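Undergrad: All chains should be built: construct the whole structure from the sequences, respecting the hints.
Here the protein sequences line up with chains A and B, keeping their order. Numbering of the first sequence is given in full-length UniProt numbering, commencing with residue 1 and proceeding in unit increments. Numbering of the second sequence is given in full-length UniProt numbering, commencing with residue 1 and proceeding in unit increments.
A hint or two may mislead.
Claimed, not checked - Computed Cβ-Cβ distance ranges for the label pairs, DEER-style:
#, chain 1, residue 1, chain 2, residue 2, range
1, A, A44, B, K107, 49 to 57 Å
2, B, R129, A, F110, 37 to 45 Å
3, B, R119, A, A23, 21 to 29 Å
The set of hints was computed from the structure by calculation and includes no laboratory data. Just so we're clear, the structure is a prediction, and the values are computed from it rather than from any experiment. From the three backbone atoms N, C-alpha and C, an ideal C-beta is built for every residue, glycine too.
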Amino acid sequence: MTDTTAADAKLIAPRRRRRSATAKPLPLIALSVGFVALWVIAAAFPFLWTAWGSFKVEADFFSRQNWMNAVTGVQTLRQTGEAFTMDGYEGAWIEQEFWRAVINTAIVTFFVTTISLTFGTLGGYALARSGFRYTFWILIMALIFRAMPHVTLVSGYLLPFFELGIWGYLPTTIIVLVAINQPFTLWMLHSFFLSIPKDLDESAMVDGCTRFQAFRLAVIPVMWPGVITTGLFSFLLAYNDFTVTSMLLTAENQTMVPKINSFLGSTQAEGKVMYAVAAVVSAIAPLFVLIMFFQRQIVSGLTAGAVKG
Amino acid sequence: MARLQLKNVNKRWGSYVAVKDFDLDIADQEFLVLLGPSGCGKSTTMRMIAGLEDVTSGEIVLGGRNVNNLEPKDRDISMVFQSYGLYPNLSVYENIRFPLRVRKVPKEQHHEMVMTAIRMVELEPFMDRRPADLSGGQRQRVALGRAIVRKPTVFLMDEPLSNLDAKLRVSTRAQIKNLQSKLKTTTVYVTHDQIEAMTLADRVVVMNKGEIQQVGTPTEIYDNPANTFVASFIGSPAMNLVEGRIEGGTFTGDGITVEGLKAPSGPVTLGFRAEDASIVPSGGQIAAPVYAVELLGEASMITWRLGEQLVSVKTAKDYRAETGQMVEASVPAAICHLFDAETGKALPR
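TA: Listed below in structure tokens is the structure:
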């Protein structure tokens, strides 16, 4: 125990010294801290504002008399007798059955992420290790598909899906989202695999692995940060998608984002817009949890490809 | 323990020939070194033995069995890679145990086998560390330990020392030599460093441009290079080579005349080693102004410029001369090698 602490102290000491040696002038520190603080406020404000407002009534949050009403909650107090109300959440979750959309989103994101990652890791590995020149053209093709606006792909799918009678179902949407997402996962994982030296799989094969065992036992354990980062991006694509899900799903099968949009679409009826606000907050919350939970892997995943030779 | 035969092995990528008509019989327990400059096909040859590259034509026979179509895992070999190829997520102990695990060696034998290997490569204190926490030399020893943990028929080592610093290279080299003589496993070792080749090998195969240039013991290769390529590749410094003509047993080149050579008249390349020649006050075969004087520590090296070529002679460490000063050197016929001017092949002495 004493050994390790002594070694640790030795490791830490030169780092501290270096930091004090390159101390920056005070105005520069003040400026950069100020800038970061400003940025954090600008980025966080919409979330905080929406989260706060979701517990108010529409007359407060979208007040025409005084924007301060959204903070103080004058109308909320008058209408409900309390400073905060759960009306928006009740309306969205119970009356409008927002939970169905949550389940649909869960199904869509789960399958989109797992399917894209399965094909992405296998394909990315194959492309990274293949010596053939056509791999370059496959990747370029993938890039072109990735560059297209999603809506151009969706409009092409609509008629065939109607004709085949598969329009409106979750699996159809999952397939389309995977198709849209796959080029990106291939690219991302391909470059992660490139950063892993070929010697690793080769020594595994000499040590007694088949090609697939080498992939599973030697390469994938090193690849986790890359897989998690790519998985997170796939998750976000499916989770946040509006174009595809709004055009390819029936009202009953809607995921969260188009559902929220449908709340907004009926602004005439009072109270509906607050459902949307409450639903938005409900949809954001899991993302925070997810990113905080995986932030270490994400950071190492985002930087690993750049640093390793 | 096995004999390894390569029968007329070729490797081509499209029209590029990487290895051409490689024909070699490696005896059981032999330490064979493949030596050559980068891109000469030595690593490709080793990768074909390992099964990491396909053979375009020819046969690889290991222990009497053709292994051309076997996967690397079925060839019963182990390999040490230049960049070690360690599993970064596993500890030293688990790295060395990995081959036993994937080859389904009974679990109860693992610990003993791993510990034997760890002791052989002297890594007991670092058993639980990850490769990232080890120095280059220690990583290399983990790779060695992983190679010896099960008893393979052949060891393959692909430039295992080239990522180490000079001092560590010498000690690890000695360790490899010691391990091989203990384990008595047939070993094929690839390097571009001729000193490694000379110190380690039972036999050296010098390769260039995908072809074998010469096969022989280190002494044979040093003393009797088969052609100008081997002559200029082996030795530090490499053999001096001077172009010129022989007329009636006398070689004449720019600033050099050697008499008493037994060779037919015509253009030839004359070669001699820097340590075989010596500086003389007068009557030497070389007489020319000095181009450079280098101090090596244990000796001094005098260099002349004869025509296009630089020619060097080693002499006592306290010898001093000025650049441009006339200095003579004795190059008797007995130390000279003659090579065909066109093909570069050695002429009979």
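Undergrad: Now, for every hint given, state plainly whether the structure supports it.
TA: The hints, checked one at a time:
1. Checked against the hint of 49 to 57 Å, the pair A44/A and K107/B passes, with Cβ atoms roughly 54 Å apart.
2. A hinted range of 37 to 45 Å holds for the C-beta pair R129/B and F110/A, which are about 38 Å apart.
3. In this structure the hint that R119/B and A23/A lie 21 to 29 Å apart at CB is violated, the actual value being about 50 Å.
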